[in-house]
Amino acid sequence: MDSITGLLGGFAALANPETLLYMVGGFLIGTFFGAVPGLTSVLAIALLLPLTYSLDVTTALVACASIFMAGMCSGSITATTINIPGAPSSMMTALEGYPMQQRGEGAKALGHAALGSMIGGSLGALLLMVMAPLAADVALLIRTPGKFSLIAFALIVIIISQRGSITKGMIATLFGVMIATIGIDVVQPLARFTFGTSVLVQGIDMMPLIIGTFAISELLVQADSRSSRTVDPSKIQAAKVRRRDFIPPLSEVREIGVMRYLKSTVIGYAVGILPGAGGSMAAFVSYAESMRSSKHPERYGKGNPEGIAAAECANNSMCGGAFVPMLTFGIPGDPTTAIVLGVLVINGLQPGPQFMTQQLGLIAPMFASLFVSALILIPLTLYLLGPYFLRIVSIRRDVLYSSIAIVALVGSYVATYSTFQMALALVFGVLAYFLRKQKYPTVCLLLGFVLGPSLEEYCRRSLSINDGNPLIFLTSPDSLFFIALTMVFFYFMVIRKPKNNGLGAPPA
Amino acid sequence: MSSKQLPQRSSRRFALGGEFYVPAALAIITVVYLISAIQLGPPMKDGNMTASFFPMATAIVMLIALICAMVHALRGRAKAAAEETIANAEGDDEIPSGKQYAGLSLGAIGVILLTAGYLLAFDLIGYFVSTFVYVLLLCCLFGGGFRQKWLSRLIAAVVITIAGYLLFEVVFQVRLPTLWSQ
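Residue numbers (my numbering), protein chains in the order written: chain A, 812 to 1319; chain B, 459 to 640.
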């Protein structure tokens, strides 16, 4: 009963004008970053991170949630109209949306995408509210050796989900773990890897790593491009979008069917819980399943609203699922939840099994923001701004990237009021640029950095409990469960690879 | 030079790509890290892990993965070079589309140098002057030169500088360094 009251209180918190402003503002920023090719909602949240020093934690979380939800659905705008997915999670939408656009049904495709996102996002948020307290109860049963095995499971799944580049995923993850070991040891008061400098004693802050990896490296990548605008203006004139066509016909919605919406939501939510999977994987799995179970699989790839609904439903319901491991175990499975974890840590909060009950008042508005963003802001934004979106996302690159550079660099300064953090952001940015050029997953770097200290701490504590005997990881039932789970995932994802269904490899 | 020597020379030239250099650079960093970890003391003491155990284990696994990546890069490049030489012995397709210096494009080098300069200037001359100059130069870099649209870039630099100030100093109350506060 208390949790229901707490969750309802989250909705009431959104009535606060300041919180509401940040939710709507965050949603619009997320929509812009998700729709512009090359920018992602992760970058938007990364840029927001420094500002959370000055923001109330609830307001910051509300803004993060609305950016996350907006970023997932807005990629479908450019994916459908000009066949350039604004975000990786919209790749499957482009497969069906662009053929519809070519038939003159682009607005209808966007309507289906918005409806799918709305259903998936809001049901995913509801599932989060229901499942997170249950997951927190389960998390209470996990002891120290189990926590180590759980984090190891998360890291291994993150690595093996990098299809075709498992070695690169492993290198990036381990490099993140190595960076995290700089500074005071997690158990003893001993400074490590400071190389005689006092500035490294406190360790590497998450913020310069995030800003460098996601913002500065993007500037370096974009510096190679010669085009003056983010989207070619000639394509905009070729792709007119009318407001009145946005509402999808009821007959098509019926044909897609309630079950397909529900199934895609559950798939997206479940994929979201898995570490390292993300929106692209959710959309891919759901799309593939929708094609497999469809009465007309031959229509897929030629502009089928079923495919759009399945992909968009799943990538938005993923948002809810992604928060479950982060809030209940303190284990983020994707970069967005890792940054949200950073927001919590900056404010002195550490997610864990009891976080849901002890801090429900702080995080309930975030749940409400996810729900309201999906249910109200997605259709409202598309309806009001849809016809103008392509003009909005086609902006001058010089103005856009200069603005991003200032927000990123001055934002890095905020944490300690020293240019050292800015310099670190630049160093990590250059490093991430080289890694990205050689297709090393920088997401793994961030997750290795975030999870590394806990992995070490639980490993050492577990061994000290058992006088240094590593058998404790096999004799402890919870630990054994996660080791077995790791082996199952390893078997299905590496040894017995998924069958080729004609869609190519799933996105990493 | 005999024609038999060509494939070998070519493969050696192909082996030296970013696919090899990035793990090689990371391997050097990891070796330095491993040496520092060893200097922390023995990995086990009285049956318990010490502060050096985890970094040492991480570094060793990392080095193994990096060696795999380097071997893979060498094999892949050698194979590609051999195939390339057979297909087109006189070909010169390896030349990248844009000029690269140490794996960095000219644009990326420009951004790095400008940003490094901005960091130095930020503390010395304050937010306003350094940000205005930095934004103006970045606008030129991303927009393809100063001659085109110079007035709009000038205006953009002023607007972004003032907007940044309003966002951080006024909205979020972050104290930014100014020329007169130095």
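Be a bit skeptical, because a hint or two may be false.
Listed below are several chain A residues computed to face chain B (Cβ distance under 7 Å; list not exhaustive) [what the hints assert, rightly or not]:
| id | residue |
| --- | --- |
| 1 | Ser865 |
| 2 | Val868 |
| 3 | Gln999 |
| 4 | Ala1002 |
| 5 | Tyr1212 |
| 6 | Ser1214 |
| 7 | Ile1217 |
| 8 | Val1221 |
| 9 | Phe1245 |
| 10 | Arg1247 |
| 11 | Leu1274 |
| 12 | Ile1276 |
| 13 | Asp1278 |
| 14 | Pro1281 |
Output of the computed footprint for chain A on chain B, the stretches with three or more beta carbons under 8 Å from beta carbons of chain A [to be verified]:
| id | segment |
| --- | --- |
| 15 | 484 to 496 |
| 16 | 515 to 527 |
| 17 | 565 to 571 |
| 18 | 593 to 601 |
| 19 | 608 to 620 |
In silico DSS-like cross-links for lysine-lysine, where the CA-CA straight-line distance does not exceed 27 Å [stated by the list, open to error]:
| id | chain 1 | residue 1 | chain 2 | residue 2 |
| --- | --- | --- | --- | --- |
| 20 | B | Lys537 | A | Lys1248 |
| 21 | B | Lys503 | B | Lys557 |
| 22 | A | Lys1248 | B | Lys557 |
| 23 | B | Lys557 | A | Lys1250 |
| 24 | A | Lys1074 | A | Lys1113 |
| 25 | B | Lys557 | B | Lys537 |
| 26 | B | Lys607 | A | Lys1250 |
| 27 | A | Lys1074 | A | Lys1106 |
Just so you know, the hints here were simulated from the structure itself, not pulled from any lab data.
From the three backbone atoms N, C-alpha and C, an ideal C-beta is built for every residue, glycine too.
Now the hints, each set against the structure:
1. Ser865: holds (4 Å)
2. Val868: violated (14 Å)
3. Gln999: It holds, given that the least Cβ distance between glutamine 999 of chain A and chain B is near 6 Å, below 7 Å.
4. Ala1002: violated (9 Å)
5. Tyr1212: holds (5 Å)
6. Ser1214: holds (5 Å)
7. Ile1217: Holds - the Cβ of isoleucine 1217 of chain A comes within 7 Å of chain B, reaching about 5 Å at its closest.
8. Val1221: holds (6 Å)
9. Phe1245: For phenylalanine 1245 of chain A, the interface hint holds, since the closest Cβ of chain B sits about 5 Å away, which is under 7 Å.
10. Arg1247: violated (10 Å)
11. Leu1274: holds (6 Å)
12. Ile1276: With Cβ-Cβ at 10 Å, over 7 Å, it is violated.
13. Asp1278: holds (5 Å)
14. Pro1281: Violated. Min distance 10 Å.
15. 484 to 496: holds (count 5)
16. 515 to 527: Coverage by chain A holds here, the residue count being 8 at a Cβ distance below 8 Å.
17. 565 to 571: holds (count 5)
18. 593 to 601: holds (count 7)
19. 608 to 620: holds (count 5)
20. B:Lys537 to A:Lys1248: Measuring from Cα to Cα gives roughly 21 Å; hence the hint holds.
21. B:Lys503 to B:Lys557: Distance ~53 Å between lysine 503 of chain B and lysine 557 of chain B Cα, so the pair is violated.
22. A:Lys1248 to B:Lys557: Given that 27 Å is the threshold and the Cα spacing comes to 15 Å, the pair holds.
23. B:Lys557 to A:Lys1250: holds (20 Å)
24. A:Lys1074 to A:Lys1113: holds (22 Å)
25. B:Lys557 to B:Lys537: holds (25 Å)
26. B:Lys607 to A:Lys1250: Roughly 36 Å separates the two Cα atoms, so the pair is violated.
27. A:Lys1074 to A:Lys1106: holds (16 Å)
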